[in-house]
Amino acid sequence: MLEALLSLLILAGAIFTFIGSLGLARLPDFFTRLHAPTKATTLGVGCLLVASAIHFSTQGEGLSLHEVLVTLFLFITAPVSGHLLGKTGLHLQLPRLGRQDDEDHG
Amino acid sequence: MSPIWRLLPHPWLTPVLTLVWLLLNNSLAPGHILLGLLLGWLIPLLTWRLWPDTVHFHRPLTLLRFVGRVLWDILAANLNVAQLILGKPERLRPAFFAVPLDLKSELAIGLLANTVSLTPGTLSVELSRDRHTLFVHGLDVPDPDAARAEIKRRYEAPLKEVLEP
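Chains as they are written, first to last, in our numbering: chain A, 4 to 109; chain B, 147 to 311.
Isolated chain A, as found in the complex (with noise of 0.2 Å):
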């Protein structure tokens, strides 16, 4: 029962993540592949974390709570790693789709 739940999550993970990946190969432009990479896969590592604390919790050792700083590491980091991307891509004015109302900033 424990191990279908496990390999379901793991399983989950696995698939988010690769969506993840897939996005990079799909989406049209640098700006829309930025979002690939920091959602989607979010969920996925989210899962496998999960999966890991369940795991190691019920080996008899006691509690085991590592995964939830390193979800909260990674929802700190994902999004600055966004942000930089992001702005590099603007200054360096990569092509973009879409509607863009808002040229002249700093």
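Please note that a few of the clues may not be correct.
[Unchecked claim] If the Cβ cut is set under 8 Å, some of the chain B residues that face chain A in the computed set are: (1) Leu170; (2) Asn224; (3) Ala259; (4) Leu264; (5) His283.
FYI, nobody ran anything at the bench for these hints, they're computed from the structure.
Note that CB positions come from ideal geometry on N, CA and C, so glycine has one too.
Chain B: place on chain A using the hints.
Quick look at chain B alone, frame taken from chain A:
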């Protein structure tokens, strides 16, 4: 600042750092609790120059509700973005839009920018130099005005309530 607060410049940071230390070590041994408290006290003391303003959290309930909402939105964002990636990329309507900010403090703006990046199909890419406008890129935005209003209402308003009443 009274002398006692000079010794404890960020009362919130101490328990948080202690908790992080305990999680890092995955242990609740008394030795680790002591060491964690020591680090939680020393680190804010040594780095207070980096963040001279003491942070006050007003309305803890609003803060909790905000955190819960963001976590839920992250889940929704992931499913939503996964769906968009697997769908037809030609149908996406990406757009840049500017969000005028009511927030003033660095911490609040930073939190808002991070939240925007973590939640549905939006990514904060630039803050104007005067810190009054946040530029956001949306993956699939049929209506930038609605998206802007959504960010202001859903994320900025509670942050303002908690950090800058």
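Results of checking the hints against the structure:
no., hint, in the structure
1, Leu170, "holds (6 Å)"
2, Asn224, "holds (3 Å)"
3, Ala259, "holds (7 Å)"
4, Leu264, "holds (6 Å)"
5, His283, "holds (5 Å)"
When held up to the earlier numbered hints, the structure conflicts with none and fits them all.
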